[in-house]
Amino acid sequence: MRPLRIVVAKAGLDGHDRGAKVIARALRDAGMEVIYTGLFQTPEQIVQTAIQEDADGIGLSILSGAHMTLFPLVLEQLKAQGAQDVVFFGGGTIPPDDAVALKKMGVRAIFTPGAPLQEIVDFVKAECEKERPLLSS
Amino acid sequence: MIERPPKERTGPGSGAVDRTISDVPLKALYVPEDLAHLDYEGDLGYPGLYPYTRGLHPLGYRGRLWTMRQFAGFGTARQTNERYKFLLQQGQTGLSVAFDMPTLMGFDSDAAEARGEVGRCGVAIDSLADMERLFDGIDMGAVTTSMTINGPAAIALAQYVAAAERQGVSRRVLGGTIQADILKEYIAQKEWIFPPRPHMRIIVDMICFCTQEMPRWNTISISGYHIREAGSTAAQELAFTLADGFAYIEACIEAGMDVDSFAPRLSFFFNSHIDFFEEIAKFRAARRIYARRMRERYGAKDPRSWQLRFHTQTAGCSATAQQPENNIVRVAYEALAAVLGGTQSLHTNSMDEVHALPSEKAVEIALRTQQVLAYETNVTNVVDPLGGSYFIESLTDEMEREANAYFEQIEQYGGVVAAIESGFFQKEIAEASYRFQRSIETRDRIIVGVNAFEKPEETQEIELLRITEETEREQADSVRHVREHRDTSVARATLERLQRACRDPRDNLMPHLIACVNAYCTEGEIVEAMVEVYGRYVERSVF
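Protein sequences, first through last, are from chains A and B. Take the first sequence: its position 15, counting from 1, is numbered 15 in the numbering used here, and each next residue is one higher. Take the second sequence: its position 482, counting from 1, is numbered 619 in the numbering used here, and each next residue is one higher.
Because the hints were derived from the structure by calculation, they are not lab data. It should be emphasised that the depicted structure is a prediction, and the values quoted were computed from it without experimental measurement. Where a beta carbon is used, it is the ideal one built from N, C-alpha and C, also for glycine. Hints are supplied without guarantee of correctness; some may be wrong.
Claimed, not checked - Chain B stretches covered by chain A per the calculated footprint, using a threshold of three residues with CB under 8 Å from any CB of chain A:
(1) 147-157
(2) 321-332
(3) 336-344
(4) 360-368
(5) 583-589
Given only the sequences and the hints, what does the whole structure look like? Please build it.
Below is the structure:
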């Protein structure tokens with residue numbers, strides 16, 4: 001089977017890319033293929049990238065406070081494109097209440113500062129494996 | 138009897154006892170031989186004397202305390218104006234403006250790019266009308282203001298000058314600082330607009346304008362803070378920041394300015410991280426490297442040109458989301474390091490900033506932390522109390538050595554702009570931040586509450602500041618109102634003149650920008666006009 005393919009994304013006007021880059025590196029070191037979108041992507045562009053790359057997951061990083069706007073917009077796009085099987089997770093400076101709300105909307109996990117890399121890697125692996133078809137075509 | 142050699146401890150956190158947080162090797166003990174090479178007058182000097190390793194002022198903080206300057210801004214100009222008045226009443230001595238992301242990136246609040254971001258991590262300033270509201274009831278001739286903005290810095294400065302002049306305050310008496318450090322944006326913070334080369338011209342124009350018309354204004358704040366927050370080591374922060382500073386200085390000299398005409402108004406901005414002694418060494422090394430370069434390489438003759446003045450902010454990236462009250466303690470140590478390093482001004486972070494913009498309570502504790510330091514601990518009573526310490530002086534030397542090695546590498550690339558274009562800084566920082574993160578994973582290093590001493594079922598009970606979507610609507614309406622109620626033909630004419638000036642390198646952009654803001658052109662419109670001439674920067678991402 002091909003390695004898992006993950007899009008690591010930065011949305012909106014937020015330039016804080018330290019976390020996104022560390023996660024990208026950790027996922028790559030764990031044997032996944034990582035596509036880092038670079039900064040300032042729109043939700044539409046992020047979902048397009050995921051579809052074009054046939055990605056198993058999208059990790060979105062937001063530290064600007066715009067998470068309650070941008071996470072739902074990505075979810076909406078995933079739905080519109082019929083791509084709900086793409087594992088959508090994220091992280092950043094996200095208050096606990098907002099994390100709960102985002103998870104209710106369908107974001108699979110929210111990782112806040114201090115989350116161990118191994119926990120994120122394990123989570124991505126497990127969730128994406130669940131979504132894989134039993135037989136690859 | 139055989140004596141057993143003393144053994145170092147084992148267990149969590151013991152994997153990194155032989156190095157600093159930046160991986161600078163450490164001995165267990167420093168002794169007089171470590172300083173055998175040191176020449177007191179040449180390498181340290183008395184406080185107030187070249188090369189200023191021991192500080193800029195002969196009396197240190199006995200002469201004057203540092204300025205307590207808390208960075209603040211959120212929501213609309215009116216909301217932030219209230220916070221400023223509160224901070225001034227609490228005894229804060231200077232203002233510091235945090236702008237929201239759309240403002241920092243040159244978009245108006247009603248732009249599609251701004252959705253979800255208006256007023257979130259700072260205040261939204263779209264036009265002169267907002268700048269006037271921001272300082273409503275505050276005498277701009279009496280306060281000093283620091284503005285943290287870079288891509289559109291020249292526009293924000295134009296708005297500040299115009300707002301002051303409407304209060305009847307002359308630009309000649311305005312005191313404060315504008316960050317305007319675009320090089321570190323490409324390196325670390327990523328809030329750029331134009332490509333580096335035209336942007337250097339904008340900065341030279343600003344420095345030139347301020348030198349002639351705003352004698353009390355600090356023209357640029359060359360910043361390592363964001364480089365450190367992006368994950369660099371202390372030596373990288375030091376080296377990259379100073380390299381940026383030297384690049385601006387060289388650009389101004391190339392533009393025909395005399396170094397002593399502008400250098401005294403340059404200032405720096407550093408991070409104070411959690412590795413206590415390393416930070417102190419970094420600050421001391423910064424002063425020495427700068428003094429030497431200014432005098433020896435650029436031939437500066439005015440002692441004020443040799444003096445590196447800096448603002449410090451405690452490290453946001455050292456704060457943890459877990460057990461946020463612990464951040465109060467971290468901030469206190471970091472603030473102490475900044476003070477022992479001789480900072481001119483200080484911002485202490487609030488404990489809740491990992492989650493959101495700080496609440497009023499958290500900001501107050503952060504300010505009180507500085508006041509306790511300044512008035513109760515007595516660390517201010519003796520100048521540079523750590524000077525001459527075997528360890529501190531060795532580490533200061535080491536910082537200088539590492540920085541010099543980086544300067545050589547940067548020169549090999551052909552200078553800072555060329556090194557940015559080839560991704561050198563970005564790659565170095567990404568490497569360092571990954572290395573650090575791995576050391577947390579392996580528990581070579583311990584972060585209390587994160588990879589040790591965790592509380593399993595932690596609940597958040599701190600009160601957070603919430604910015605509502607109402608702010609975004611209100612601000613978007615307000616910028617539309619400005620556009621509808623101004624003289625469009627005047628606004629258009631000023632923008633056209635600005636574009637002509639952009640194409641003519643002999644013209645200074647600042648007077649044109651002031652004309653644009655006075656005609657109530659919005660920030661987004663001014664940026665758009667300039668982008669038509671200069672283009673937008675696109676980064677080649679590396680991780």
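Out of the numbered hints, which ones does the structure contradict? Hint check: 1, 3 fail, others pass.
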